[in-house]
Amino acid sequence: MGRLLRAELRKVSSTKLWWGLLVPAVVLSIIINVFGGLFTAAIPDDGGRLPLLLGSLAYTLGLTAVFAACYGVVATAGEFRHRTVTTTYLLGPRRWQVQLAAMGVSAVVGAGYGAVVALVGVLAGVAGQAGSAFPSVGALVAVTAIGMVVSALWAALGAALGVVVGNQVGGLVGVLVYLLLGELLISALLNSAASVTLQRLTSYLPGNAGDIAIYDIPARVLAGPQIGSRLVETLAGVTAPPPWWGALLVLAVWTAAVGATGWVVGSRRDVT
Amino acid sequence: MNDRSGRVTVQGLSKRFGAVVAVDGVTFSVEPGVVTGFLGPNGSGKTTTLRMIVGLITPTTGDARVNGVPFAELSDPARVVGAVLEAQGFHPARTARRHLLACAAAIGVPDAAVDHVLGTVGLTADADRGVGGYSLGMRQRLALAVALLGDPQVLILDEPGNGLDPEGIAWLRAFLRAFAAQGRSVLVSSHLLGEVEQTVDHLVVISKGRCMFQGPLAQLRGSRRARVLVRCAAPARLADALARTGVLEIDTLPDGRLGVAGTDPVHVGDVALAAGVAIYGLAEEKIDLEQLFFQLTAGPWRAG
Ligand SMILES: Nc1ncnc2c1ncn2[C@@H]1O[C@H](COP(=O)(O)OP(=O)(O)OP(=O)(O)O)[C@@H](O)[C@H]1O
Ligand SMILES: [Mg+2]
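From first to last, the protein sequence lines are chains A and B. Our numbering applies: residue 42 is where the first sequence begins, and numbers increase by one. Our numbering applies: residue 383 is where the second sequence begins, and numbers increase by one.
Next up, chain B with everything else stripped away, as it sits in the complex (with noise of 0.2 Å):
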């Protein structure tokens, strides 16, 4: 049954919701000892499949397993799993101390948890309010409380950065590198890829439903080299002399500049000055990650 991996498992995925197909066969798995990101535009099924994951909805085709078996299998799901997803509800009324000790019965640990995640979370000087006065990021503090209670295995987190201040997502970078670091699982969710490029060693990148990357986040980075951009008098002699001199990788951009790879602009001028080619511009093109991951997910708001 329970393998106790920590190991979280995507199979083929799909969720159709009347005509839309939020998630449209997905596979990925989620490692121990790594925070994996999860990373998609607003709609393109981050949520649906998070929430298939944790049973929550019942997948189309597919499955997704945890330890080996659907999460709704696992004899103390809570001790497995921890998850802060999004629309996640509180009773207003209710004090997030008295939400806790509720929880707390149901994974069947002791009241003194409450009091240990509340600490974790700092919302010990809060817990006897009601949730209803509490802010976005207090509400999202106590959700990470709640995964928390349990001292699962694995963390599954659906945009927890969203209502943080700058300090309450710093401490969370650090909390969940430890977390993995300890030998745990973290999948963490985000459409932003600048905001969890500091913190994940994985990456699953999806769009429209499906997974259009996957992988070590080095490996997206090296996918893309760097490269010289230079604008010149006679692009078509310039390239001819760097392709004497063993540099191959060369590309004429839309705007007549030269995108020259695998070389550095110190060669790049040299060359030029020994064919005797003007040089107007020379610049180095950065790698940008997040345009890497527009070009990915080539997000809704693309024209064209």
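Next up, chain A with everything else stripped away, as it sits in the complex (with noise of 0.2 Å):
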């Protein structure tokens, strides 16, 4: 296991790609966190007294785990596009273990855009929102913690579902048309049901879980613990959503089941 985490290290160090999905995901960062005033004009600011910086900063974040899902969809699809899974194959047969080491792989790559994103986002922060106020560090840590395990997440669960997938485009298209369009239509469904429970289901959906995990903490910060979780409902567009433990917790569960797909599919299929 640890020799295939090593050459799945080289294989990412020697291509451009995770530095070619880094670099729009920074470029957002800082357009957003330096106008981040627009993207955080449903909260009102009397005065200049709220850190805005937390709320740019998590939008921010939830953007680029579509950045880290891309990622790993195409560090494991791309070896079925470039025939390279037969290589990786000989000299790992046992294909899960591959499998586990991309997503481990992935997931790093993952934390690390968190990481870069957010450290840039700061930086973008102090110099285009200096009229409202600093947050504090202990908020900023923790979103960005946070927005880090979402991002290790959707990586190692795009990782996983390029194996299911086995094909680069379909997988890219497939996961960009959901998270971009498909969540939001399913949670709009949801939302208009007569039902509860179905409109509740919308924050088990993994976008949606990822978002109300990185919203949550700023949502409080920003609106105070009563009506926080309201705006959470609000940003994630989901009705009751868990505090953002139980929804990274329900990220963790659908990038297992995904994991577990890909275990078997990959197992099956033939390497022509």
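Treat the hints as calculated values from the structure; they're not laboratory data. A virtual CB, placed ideally from N, CA and C, is assigned to each residue, including glycine. Be careful, since some hints might not be right.
Beta-carbon label-pair distances, calculated as ranges [said to hold, decoys possible]:
{"#": "1", "chain 1": "B", "residue 1": "Ser517", "chain 2": "A", "residue 2": "Ala168", "range": "49 to 55 Å"}
{"#": "2", "chain 1": "A", "residue 1": "Ile227", "chain 2": "B", "residue 2": "Gly545", "range": "47 to 53 Å"}
{"#": "3", "chain 1": "A", "residue 1": "Arg241", "chain 2": "B", "residue 2": "Gly394", "range": "29 to 35 Å"}
{"#": "4", "chain 1": "A", "residue 1": "Ser236", "chain 2": "B", "residue 2": "Asp458", "range": "54 to 60 Å"}
{"#": "5", "chain 1": "B", "residue 1": "Gly490", "chain 2": "A", "residue 2": "Phe175", "range": "45 to 51 Å"}
{"#": "6", "chain 1": "A", "residue 1": "Arg309", "chain 2": "B", "residue 2": "Thr502", "range": "31 to 37 Å"}
{"#": "7", "chain 1": "A", "residue 1": "Gly43", "chain 2": "B", "residue 2": "Phe399", "range": "20 to 26 Å"}
{"#": "8", "chain 1": "B", "residue 1": "Ser387", "chain 2": "A", "residue 2": "Trp60", "range": "46 to 52 Å"}
Among the chain B residues that face chain A by a calculated CB cut under 7 Å, a handful are [unchecked claim]:
{"#": "9", "residue": "Arg480"}
{"#": "10", "residue": "Ala507"}
{"#": "11", "residue": "Pro548"}
Two chains, two frames, some hints: make the complex.
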């Protein structure tokens, strides 16, 4: 397992994929956090006393998770595209170990995305949001850490999905359409249902779960503990969200589920 | 578990892709110390069989073992089997050296092994170029370098001559012979007998997924005796005369000539003169292995 992790790390570091996806995420982070006020317009700010940076940072980290997911998909599905998977499986015929190594290394890359994006975001926010208060270090660290975990989980989930699909374009289109459109539609459908149980399901969709985890703490800080939860509902488009750790758990379960599917599908696939 | 013999055994191996039966009950073994040629025309199931041996394709029935165990159960698979397979790819932006370094990490060999195999296949000067710019032959060499990285006991090569220049092919032949001479096993596929004739000791011939011949190359040669082809005025009389001298393997060819086995042109000429039969043409038939191979495999291009 250690060997496969090392091999996976060497593969990652020998192509430009990781920074090819990091660059746009960083650029987005700069734009969003410099003009943070626009993205946090929903929050009434009386006289620049609110640490709005926390809100724009959370929004940025939510988007970063999409890049992390794309990274994971390309990391594993790309092996099928370039037919390197033959060599990979020749050297590591226990395919579930190969998949686990790829998920692990992708998670590290995803966490790295979260860290870099948060760091750049804070710097951009300091430059651009001089009018508003600076968030507490504790809250900043908490949002960053949760954002890193969410990106790590999405990258691992993406890597597992890449194994399931075995097709780079299909995997990428699938994950983007789902995250940027599909889950919005499903959430809207569920939210409009009469049954409260159905409405509550919105919090258990993977994309929403990641957003809830990221928005939970900033929402409480910005809107207070009472209406914080309502703010999360508005921002993530969900009903009755769990706390951040519950949402992380939900996303982790999704990651494990896709991982298990990849295990089954991947080990049965004929590599011709 | 792993018996360390370097033997590959294939037992009743079959693979069906939907309606296509790619491999149909193939049984053979690859022994250490010799080069085994795996021959068959296009689409006969060579690649499918080789991929089943290394666990990339799951057989429909039957099994394949290396050192007595399925490939995927070997604790150090890449140190036992090195394989160069068809359609084995590389990331175009990754350099050969970095590709090999990732492989070395997966196998668990020191990085110094990378320089060694690069030298062996003659890619040292091009090692730091992206593989996307490699020629077909250079990719083939790189694939071989990966296969050699674990210093394996068994080499499995699927049409390794593809893309190699004549110098590269000559080098590969010598390399495979030397590899086998060290007591290791080589299984090399080809669709041309001529390509491997000088390299292999043992042959496995398949056609349409079935095994048509398995044995030493010498046995295949011996299975068909050299004949003398005679065009003469009275074939029946000549055949009689030859039979009286103990030459009994005589066929009449479709064009009216006699095919006489187990003798030479001098004897046939002498007998014909003694019997008073006029000879119009006398020729020695070459044992054409390629022709034999065609007959064994009856490839898809054969009319009728
Ligand atoms: N993934 C697949 N799906 C469907 N059919 C397949 C697949 N792979 C191989 N086949 C079929 O199985 C048969 C054997 O193919 P295979 O590639 O093993 O032949 P081969 O002997 O290697 O041929 P060649 O000399 O052209 O490389 C062919 O009829 C081929 O079309
Ligand atoms: Mg083939």
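Results for each hint:
1. B:Ser517 / A:Ala168: 49 to 55 Å: Since the Cβ atoms of Ser517 (chain B) and Ala168 (chain A) sit about 51 Å apart, the hinted range of 49 to 55 Å holds.
2. A:Ile227 / B:Gly545: 47 to 53 Å: holds, 50 Å
3. A:Arg241 / B:Gly394: 29 to 35 Å: violated, 55 Å
4. A:Ser236 / B:Asp458: 54 to 60 Å: holds, 56 Å
5. B:Gly490 / A:Phe175: 45 to 51 Å: holds, 49 Å
6. A:Arg309 / B:Thr502: 31 to 37 Å: holds, 36 Å
7. A:Gly43 / B:Phe399: 20 to 26 Å: Violated: the Cβ-Cβ distance is about 36 Å, outside 20 to 26 Å.
8. B:Ser387 / A:Trp60: 46 to 52 Å: Distance hint for Ser387 (chain B), Trp60 (chain A) holds at roughly 48 Å.
9. Arg480: holds, 4 Å
10. Ala507: Since the shortest Cβ distance to chain A is 19 Å, the answer is violated.
11. Pro548: violated, 27 Å
The structure is inconsistent with the numbered hints 3, 7, 10 and 11, although it conforms to all the rest.
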